[in-house]
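Participant: Chain by chain, the residues:
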Amino acid sequence: MAASLTAPMALADWTQQWLKGLPVVDGRLAAVQQRGREALAELPVPSSRQEDWRFTDLGLLAGLDGTLASSPRDAGLPPGAPGVLRLVLDGRSDPLEGVALPAGLAPLSDSELSQALGHTLAATACEHHWPVELNHAAAQQVLALRVASRSSLSLELVSTQAAGLLPLRVLLVLEEKAELELCQFASARGAGLTSLVLEAHLGRGARLNHGMVALGRNDAALLAHLAIEQEPESSATLATVAAGWGLARFEPRIRQVDGSASTTLRGLQVVDHRQVADTHSHISFSGPEGELDQLHKAVAAGQGRSVFNGAVRVPREAQRTNAAQLSRTLLLSDRARIDTKPELEIVADDVKCAHGATVSCLQTDELFYLQSRGIAADQASALLKRAFCEEVLRDLPGAARQWCRFEHLLASA
Amino acid sequence: MIRPDAPVLLEIKDLHARVEDKAILKGVNLTVRAGEIHAVMGRNGSGKSTLSKVLAGHPAYTVTAGAVSYRGQDLLALDPELRARIGVFLGFQYPVEIPGVSNLEFLRVATNARRAEQGGEELDTFAFEDLVRERLNVVQMDPAFLDRSVNEGFSGGEKKRNEILQMALLEPLVAILDETDSGLDIDALRIVAGGVNQLANADNATVLITHYQRLLDAITPDYVHVMAAGRILRTGGKELALELEERGYDWVDQELAAQAPVPLEVA
Ligand SMILES: Nc1ncnc2c1ncn2[C@@H]1O[C@H](COP(=O)(O)OP(=O)(O)O)[C@@H](O)[C@H]1O
Ligand SMILES: [Mg+2]
Chain S
263 MAASLTAPMA
273 LADWTQQWLK
283 GLPVVDGRLA
293 AVQQRGREAL
303 AELPVPSSRQ
313 EDWRFTDLGL
323 LAGLDGTLAS
333 SPRDAGLPPG
343 APGVLRLVLD
353 GRSDPLEGVA
363 LPAGLAPLSD
373 SELSQALGHT
383 LAATACEHHW
393 PVELNHAAAQ
403 QVLALRVASR
413 SSLSLELVST
423 QAAGLLPLRV
433 LLVLEEKAEL
443 ELCQFASARG
453 AGLTSLVLEA
463 HLGRGARLNH
473 GMVALGRNDA
483 ALLAHLAIEQ
493 EPESSATLAT
503 VAAGWGLARF
513 EPRIRQVDGS
523 ASTTLRGLQV
533 VDHRQVADTH
543 SHISFSGPEG
553 ELDQLHKAVA
563 AGQGRSVFNG
573 AVRVPREAQR
583 TNAAQLSRTL
593 LLSDRARIDT
603 KPELEIVADD
613 VKCAHGATVS
623 CLQTDELFYL
633 QSRGIAADQA
643 SALLKRAFCE
653 EVLRDLPGAA
663 RQWCRFEHLL
673 ASA
Chain C
45 MIRPDAPVLL
55 EIKDLHARVE
65 DKAILKGVNL
75 TVRAGEIHAV
85 MGRNGSGKST
95 LSKVLAGHPA
105 YTVTAGAVSY
115 RGQDLLALDP
125 ELRARIGVFL
135 GFQYPVEIPG
145 VSNLEFLRVA
155 TNARRAEQGG
165 EELDTFAFED
175 LVRERLNVVQ
185 MDPAFLDRSV
195 NEGFSGGEKK
205 RNEILQMALL
215 EPLVAILDET
225 DSGLDIDALR
235 IVAGGVNQLA
245 NADNATVLIT
255 HYQRLLDAIT
265 PDYVHVMAAG
275 RILRTGGKEL
285 ALELEERGYD
295 WVDQELAAQA
305 PVPLEVA
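Protein chains in written order, with the working numbering: chain S, 263 to 675; chain C, 45 to 311.
Simulated from the structure, these hints should not be mistaken for lab results.
No experiment lies behind these values; they were computed from the predicted model shown.
Cβ atoms here follow ideal geometry from the backbone N, Cα and C, with glycine treated the same way.
Hints may be right or wrong, so weigh each one.
Part of the chain S face toward chain C, derived, beta carbon under 10 Å [as the list claims (entries may be wrong)]:
id, residue
1, Q625
2, A642
3, A649
Which stretches of chain C does chain S cover? Using the computed rule of at least three CB atoms under 8 Å from a CB of chain S, they are [said to hold, decoys possible]:
id, region
4, 92-103
5, 113-125
6, 137-146
7, 151-159
Isolated chain C (complex conformation):
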């Protein structure tokens, strides 16, 4: 839902980032207001996951220029755990398996860290079990997954549901969901999309990174951005996604070539 007067939650300005010696983000600009759903599309390797990881604070990526503010605060100055506690959530493209750490305990520790930041009281194991059982419904997940190790041996779809379960517990204000639809069959896609729709409201915002129109059939974006070579090349409404579906990404190459060449970065 677009409301021009809604508060800006996330503002990315001319963001440049590299991994090791390789420049990947080359000037990303994006403004996200409360209530909005954004879709970021683009070919493999265009830098979508890098953008999401930079926003979450992954140590492998170095920001070389630009700024990100989250509700007026310098996001890039914060440790990853602080970003999460104040309401920035990254749904991983490849959720990490952590053998030996119980999913239930992990969810409880994470939820309490977020609650403490918001001035809420810590949930003991019993209170948390009640909460988590209720939130399991959002993604129609079997409670048996709580007793397993974090993501260990989960199928692709189960991992993605576990990501949305975490989102349902942490109630972020900005959720960046990186290819949450990949590896899902039709039913799982419907469930996951339903969960995201349920969690979206006028006070929060969602950034969906995806390849496919089919997710956007289930979650209607307010804006669609096309990313190429580390920048947002074009922004439009939901019809831009349909156009991409029809025409593919070849035009992106032409548009890139037509633009002033990006100066070569010297390592």
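Pulled out of the complex, with its shape left as it was, chain S reads as follows:
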């Protein structure tokens, strides 16, 4: 208890110290850095007194070295899919340097960048969130890409965070009917923080299929905002798998600007030891006939803590929205903690909005059935745990499916 009272103070001190230690503002993100630093100097740090941070203690950050991490290139990165362009994000160098982009994929010009950067963060009302401002303050590079109308591309983004801070900023513009399959791998090899802010704007009829595998360690944190704006008839699928982080916070923020789009969210978070994983998703329908299919799963072992908060906003103009949200948790230890909450705000009257939450343990009858066929108890429980995760893992696109060997996820759970 004492820890959670002192943590905000420690974190506030850490933040101010950290701001002082940052390199001078520079490069094409100079203006953004300046704004972020000014904002962070003023913003209260997240603490349990704020509803959005009630269960998630950022205390881990206060112990971290906040200097920019020198990210090791090619450190134990998983194999990619053949023929798919892979970009390495190290937070410092330009990920496009020396890279020949395939037809249909082009970097944004400076003027396009200044127009587009932050647009989706504002549209999804998260541009002033603390983790976003932290990214603003520190990010040195931005990967800003445009997928041309009607082209269909695959791309892999990989990052390895060593000790220190790894700020990652990504901006994607998908033109009308453009398609992008994006597999992202984020891992940690040292005590540190990976700060990810990804924005994507999907034009009419565009399709984004984003699969992210984030494998951390007990002394590392991940703060990720995934902000997506969808024009009508577009489709966005985000599948996120996170395991092993001392602290992981995901905020998928989706806005269907005129409704009539389709959003699929899949999340799996695994906590063990004293790890915390928190997903705060936020979907708003600003027009009729939008669709959402959301499944969030968590496996909680040890003294881990899993938080899920699923906000869905259906205002009056979003008639005939069809949204389904399900949160399922597998509880493997009686010392693990789970806080899961749907947050539906439905004003339109002609909508379908289903939601549900379940928490279960491994089922004795399922275990016994497997054992009664000669399968050892530990193998039987591993099969059942994998089965639980499979529902999300199978929705990972492309190479991401292979990045996420179940054995890694549940090594100790």
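Following the hints, position chain C with the ligands against chain S.
Facilitator: Chain C with the ligands alone, transformed into the frame defined by chain S:
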């Protein structure tokens, strides 16, 4: 087939068991020799499924007295998975659905666990696919069921066929089939019974738990036992099943009442 000199596979002696605080089995005795087919009949709630689950080692049931030996070995001392590996098979009355676990993988892992115990070599995915395709014929099952999750969304009849498929792969020496006929239409019953007949031989034994004569028309039992209030009340030949079909179970109540009252168990 009754051969008095055939080796005893399973010997149940004065078996008592309870679930939570409720005594259910109250002194079951049963001897099963190689080559025999036994039918256990009795009203709902008489303890038939409990007997089968105790034999398979379900953790919800506690044995309070008695003994079970399987080929001379103390069966009750073994974990459920070991019982299965050495050749005891339970066909579930209600096979469990396991979403997310592929039926094919489940069957392969189970088959290999049994083979390892018998000193056989592990079958890789290809060798196993050959084996499983051959055994599918025993129950005339569509290979499409291999790609689904274990029992998930299977109809009642499909689940029972999947049980017999497992039996065909594991080749147990003692198979206890709990109401394998319930929920089957005539055709499915014929297929399942045909499968059981195909698998029965002089070295193994089958214990059929059933309510209905119709299964015993298809699989001829050597012995029929009537279970009531946690015990085997009467044992006879196949004609006992016909008698039950005709007279129902009312006589069981009279016989129970006539017997020395079972002492009340105090929890
Ligand atoms: N897991 C259990 N928990 C509580 N009661 C049980 C359990 N299993 C069986 N029983 C009770 O034991 C008695 C015998 O059940 P069962 O063995 O299923 O009978 P049968 O298979 O002959 O119909 C019934 O009264 C039943 O309610
Ligand atoms: Mg029963």
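Participant: Run every hint past the structure and note whether it holds.
Facilitator: Outcome of the hint check:
Annotation: Q625 of chain S was flagged as interfacial toward chain C, and the flag holds, the nearest CB pair being 8 Å apart, inside 10 Å. Taking 10 Å as the C-beta contact cut-off toward chain C, the hint placing A642 of chain S at the interface holds, the least distance being around 8 Å. The beta carbon of A649 of chain S comes within 3 Å of a beta carbon in chain C, closer than 10 Å, and the hint placing it at the interface holds. Judged by the Cβ-Cβ criterion of 8 Å, the region 92-103 of chain C is covered by chain S as claimed, because 4 of its residues qualify and three suffice.
Closer than 8 Å: that is the beta-carbon criterion, and the region 113-125 of chain C has 3 residues meeting it against chain S, so the requirement of 3 holds. Under a criterion of three residues with beta carbons nearer than 8 Å to beta carbons of chain S, the stated coverage of the region 137-146 of chain C is upheld, 6 such residues being counted. By the rule of at least three residues with a Cβ nearer than 8 Å to a Cβ of chain S, the coverage given for the region 151-159 of chain C holds, with 4 such residues.
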